[in-house]
Amino acid sequence: MRRFKNILVATDTRLDNQSIVDNSATLAKECDASLKLVDVVPSLPWTVRLLVSNHEHISRLMTREKQEQLETLAEPLRADGIDVETKVLHGKSSVEIIREVLREKHDLVVRVAKGSGSRRKGFFGTTGTRLLRECPCAVHLVAPNSPVLVRHVLACIDTSTGEPVDAELNEDIVGLAEALCERNNAKLSIAHAWTINGEQLLDGRISTPEFEQMRKSRQEHIEGMFDKFLRGRGYGIGDDFVHMFKGDAPKVIPEFASLEGVDLIVMGTVGRSGMAGMLIGNTAERILNSIECSVIAVKPSSYTSPIKLGDYVEAIRA
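Residue 847 is where the sequence shown starts when you use the working numbering, and the numbers rise one by one after that.
Take these hints with a grain of salt, some might be off.
In silico SDA-like links for lysine to any residue, alpha-carbon gap of 20 Å or less [claimed, not checked]:
{"no.": "1", "residue 1": "Lys938", "residue 2": "Ser1006"}
{"no.": "2", "residue 1": "Lys1033", "residue 2": "Lys960"}
{"no.": "3", "residue 1": "Lys933", "residue 2": "Ser889"}
{"no.": "4", "residue 1": "Lys960", "residue 2": "Glu1138"}
{"no.": "5", "residue 1": "Lys1033", "residue 2": "Ile1052"}
{"no.": "6", "residue 1": "Lys1074", "residue 2": "Phe1091"}
{"no.": "7", "residue 1": "Lys933", "residue 2": "Glu917"}
{"no.": "8", "residue 1": "Lys1074", "residue 2": "Glu1138"}
{"no.": "9", "residue 1": "Lys1033", "residue 2": "Lys938"}
{"no.": "10", "residue 1": "Lys851", "residue 2": "Leu923"}
Simulated from the structure, these hints should not be mistaken for lab results.
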């Protein structure tokens, strides 16, 4: 399995189902990694702080309750020999989780795809979406009723640019997908979607032979780059688990995932410019808005989160 060594599980202690904790513990044991279980106490609304005289006491009670619940989750894992730490964070969930990643150098964050109280439309909640956008390490968002052992992993890559940052992401994505398939005895699929830039503008405005020649040239270029990458890993473009789709990635990738029963998609989320603080790329965001399965999102090593540590306030002691 991949070299995860410092895993953070952002759980919601109010939930009865804590399968992400159990699954993360199994992963931690396989990787000989440390595990941290966190939950977040949100800041009380200003109206509560203004009108309720003992609002600090309320915060202390919430902190104590969550800490006790986290310890209850941690105890059997420690008994199984896993190095487990628990911590209650305070503030906005996505921001405080990312700050904890920055402070403690976590290399994987695991969270449910959508929290129980999420008001955001779609498959992924607000916190999950912000983690995908801004968390510097790999993020695993787990779908409801996700199987304990995934059966079909889809690695989404882009080999068409020749950019070093994309090459790094492609290696990371496929390497992680391979390891997950080996761990779960799952099926692997590798997908690449391609289009012709400005195709809709050109179609019908240039001669059919000219357009077909352009399409053929583009396809041959994409196939060549894709096959070169695959052969570096011992595969080939003719393998039955390798798919090169002609079409818009946000359309063809979710369609394939749905039709083929994909449990988990591994993909990159940052464009190739590698700009510090760059948010999630448009193509990645559109794919994520259209899928309904678990996802692991990775970013290049050059990525810098726009979230900063700032002034950290220690948790209120119970």
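Q. Taking 20 Å as the top limit, are the C-alpha atoms of lysine 1033 and lysine 960 close enough?
A. violated (26 Å)
(Q) Run the distance test for lysine 938 versus serine 1006: straight-line Cα separation, threshold 20 Å. (A) violated (38 Å)
Q. When you check the alpha-carbon spacing of lysine 933 and glutamate 917, does it fall within 20 Å?
A. holds (9 Å)
Q) Is the hinted pair lysine 851 and leucine 923 satisfied, with a Cα-Cα distance of at most 20 Å? A) Satisfied, since the Cα-Cα distance of roughly 16 Å is no more than 20 Å.
Q | Hint consistency between lysine 933 and serine 889 [alpha-carbon to alpha-carbon, up to 20 Å] | A | holds (16 Å)
Q) Holds or violated: are the alpha carbons of lysine 1074 and phenylalanine 1091 at most 20 Å from each other? A) The given pair, whose Cα atoms are some 17 Å apart, holds under the 20 Å limit.
Q: For the pair we were handed, lysine 1074 and glutamate 1138, check the Cα-Cα distance against 20 Å.
A: Cα-Cα ~31 Å, so violated.
Q. Is the straight-line distance between the alpha-carbon of lysine 1033 and that of lysine 938 20 Å or less?
A. violated (37 Å)
Q: Take a quick look at whether lysine 960 and glutamate 1138 sit within 20 Å of each other, Cα to Cα.
A: Distance ~11 Å between lysine 960 and glutamate 1138 Cα, so the pair holds.
**Q.** Pairwise hint evaluation, isoleucine 1052 against lysine 1033, where the allowed Cα distance is 20 Å at most
**A.** It is violated: about 43 Å lies between the C-alpha atoms, which goes past 20 Å.
Violated hints, in rising order: 1, 2, 5, 8 and 9; the structure is consistent with all others.
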